[in-house]
Amino acid sequence: METSETVKEIRSRTGLNRKEFCQKFGIPLRTMEEWETGRRIPPEYIPRMLAYYTRSIDTDNARNEIRNHYDIVEDAEGNKVVIINDLRFKSRRNIDWNTVEQCLKEYVGSCVQILETSDEIYIGKDFPDEYTHSKDTKSLKGANRHANASQIVEPMIKIAAGKTFAPNYEEKHVADAKYGWYRYDTRFAIPVYNDEGNLCRYNIFGARILIRHDEDGKMYLYDILRIKKETSEPLEQ
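My numbering puts the last residue of the sequence shown at 238; the count rises by one with no breaks.
Read the hints as simulated data drawn from the structure, not as lab findings.
Since this is a predicted model, take the numbers as computed values, not measurements.
Check the hints yourself; a few may be wrong.
Pair ranges (Cβ atoms, derived) [to be verified]:
no., residue 1, residue 2, range
1, Asp130, Lys229, 18 to 24 angstroms
2, Gly39, Lys164, 30 to 36 angstroms
3, His70, Asp130, 22 to 28 angstroms
4, Glu10, Ala162, 26 to 32 angstroms
5, Glu121, Asp186, 16 to 22 angstroms
6, Glu34, Asp186, 30 to 36 angstroms
7, Glu35, Gln103, 14 to 20 angstroms
Below, computed lysine-lysine pairings styled on DSS-like, alpha-carbon distance capped at 27 angstroms [said to hold, decoys possible]:
no., residue 1, residue 2
8, Lys25, Lys159
9, Lys9, Lys20
10, Lys219, Lys179
11, Lys91, Lys20
12, Lys126, Lys164
13, Lys91, Lys229
14, Lys9, Lys219
15, Lys126, Lys219
16, Lys219, Lys159
17, Lys164, Lys229
18, Lys126, Lys173
19, Lys229, Lys159
The C-beta atom is built at its ideal place from N, Cα and C for all residues, glycine as well.
Let the sequences and hints guide you as you build the complete structure.
Given below as structure tokens:
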């Protein structure tokens, strides 16, 4: 295995995305990107050192140290919901989708396992652009919910359920979706504040996760679609 693939595989096993991994181990983000893409070869001891330390860390605790802006809870029916605790995009208008895209690029290279099916979903380079600049995004009325969902991509994949399959019929995806498409349902909740700035409830939204099954045999996140507010009762604070 090439050194770049070794470094990428070590990080993938931790469940941390590139930015989180760099924060945990004190590696410059650009250096890590160059190692993983093969543009720069790390010293021989680096893969061995990373392999040793990643075996000893508690990845759940490592993730919690870095991320505290969401929680995964269950509603009254026992269905999982990702709760956003801290809104990154508070404005309801004039969403800067280029900023959203940059945030999504932090996930590139990550691998998330779906709890219900144990499917391993990779996040490739095509996802940030597709999510922020697709026709579905530009036609959205609820741009704010779409933008804020970008900060909980991994937990939304983790709790996904209701897997369905459809073959690929599009010529442009003959390679990157050679083995077809999968769709999953997922849910998340956004906090709602009153005029005094106090949290009063959470509005729940449903979404569809679109996965392409690449010719390399891996499953990749392609887009998150149909983000709609549910008609059920909101979660009360």
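The hints, checked one at a time:
no., hint, in the structure
1, Asp130 / Lys229: 18 to 24 angstroms, "holds (23 angstroms)"
2, Gly39 / Lys164: 30 to 36 angstroms, "holds (34 angstroms)"
3, His70 / Asp130: 22 to 28 angstroms, "holds (24 angstroms)"
4, Glu10 / Ala162: 26 to 32 angstroms, "holds (28 angstroms)"
5, Glu121 / Asp186: 16 to 22 angstroms, "holds (18 angstroms)"
6, Glu34 / Asp186: 30 to 36 angstroms, "holds (33 angstroms)"
7, Glu35 / Gln103: 14 to 20 angstroms, "holds (18 angstroms)"
8, Lys25 / Lys159, "holds (21 angstroms)"
9, Lys9 / Lys20, "holds (13 angstroms)"
10, Lys219 / Lys179, "holds (11 angstroms)"
11, Lys91 / Lys20, "holds (23 angstroms)"
12, Lys126 / Lys164, "holds (23 angstroms)"
13, Lys91 / Lys229, "holds (18 angstroms)"
14, Lys9 / Lys219, "holds (15 angstroms)"
15, Lys126 / Lys219, "holds (14 angstroms)"
16, Lys219 / Lys159, "holds (16 angstroms)"
17, Lys164 / Lys229, "holds (19 angstroms)"
18, Lys126 / Lys173, "holds (16 angstroms)"
19, Lys229 / Lys159, "holds (19 angstroms)"
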